[in-house]
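Chain by chain, the residues run as shown.
Protein chains: 2
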Amino acid sequence: MPKFMDVHTGMTGIDQDGLVKAHKADTDIENEEGVHFLNAWADPKSGKVFCLSEGPNIEAVQRVHERAGHKADEIYEVALEV
Amino acid sequence: MPKFMDVHTGMTGIDQDGLVKAHKADTDIENEEGVHFLNAWADPKSGKVFCLSEGPNIEAVQRVHERAGHKADEIYEVALEV
Chain A
704 MPKFMDVHTG MTGIDQDGLV KAHKADTDIE NEEGVHFLNA WADPKSGKVF
754 CLSEGPNIEA VQRVHERAGH KADEIYEVAL EV
Chain B
704 MPKFMDVHTG MTGIDQDGLV KAHKADTDIE NEEGVHFLNA WADPKSGKVF
754 CLSEGPNIEA VQRVHERAGH KADEIYEVAL EV
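These protein sequence lines map, in sequence, to chains A and B. 704 is the number of the first residue of the first sequence in my numbering; add one for each residue after it. 704 is the number of the first residue of the second sequence in my numbering; add one for each residue after it.
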């Protein structure tokens, strides 16, 4: 299944609890869109959050994020991996 | 050790062989800067490449990338992870 990296901005000051809760909001509904969120990494200083997922397409990944209340600013299909 | 996510742009058309070679150029010299590159994901369509690493600081990560010939456009310390 294709993998995706999405980028959120403006999450300055996010803490571990906030990241866990945001990730859980995604994983709670991801099955309904055929998506699986693998990892998320956050930089509280810049407010950047990166999410790695797998799913059918970019639109499905975005639907999960939108329904969870945190639309991604950018989503890329990362066809290559090392 | 702190983890970092860096972002490269303009790598449109990169293929698996190119990603492997670029990653190897980093890992060949990473020890000299106390850095370890964990994963890299690439989107050949947009030209975005994301690299996950661990190391002492952003400057050390950038030194590896610069010496390998592909300076990162953005580097973030991702203090939080899920």
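By construction, these hints were calculated from the structure, which means they are not laboratory data. Check each hint, because a few of them may be wrong.
All copies of an identical chain are treated as equivalent in the list; a pair is satisfied when it fits inside any one copy or across any two copies.
Derived DSBU-like pairs (lysine-lysine); straight-line CA-CA distance at most 30 Å [as the list claims (entries may be wrong)]:
| # | residue 1 | residue 2 |
| --- | --- | --- |
| 1 | Lys748 | Lys706 |
| 2 | Lys774 | Lys727 |
| 3 | Lys774 | Lys724 |
| 4 | Lys774 | Lys706 |
Right, here's what the structure says about each hint:
In the homo-oligomer, the alpha carbons of Lys748 and Lys706 lie at most 30 Å apart both inside one protomer (27 Å) and across protomers (14 Å), since each shortest distance falls under that limit. For the identical chains of this complex, Lys774 and Lys727 are intra-copy neighbours only, at 15 Å inside a copy versus 34 Å across copies, given an alpha-carbon limit of 30 Å. Within a single copy, Lys774 and Lys724 get their C-alpha atoms as close as 15 Å, which meets the 30 Å cut-off; across copies the closest is 34 Å, which misses it. When the C-alpha separation of Lys774 and Lys706 is checked against a cutoff of 30 Å, the pair qualifies both within a copy, at 18 Å, and between copies, at 24 Å.
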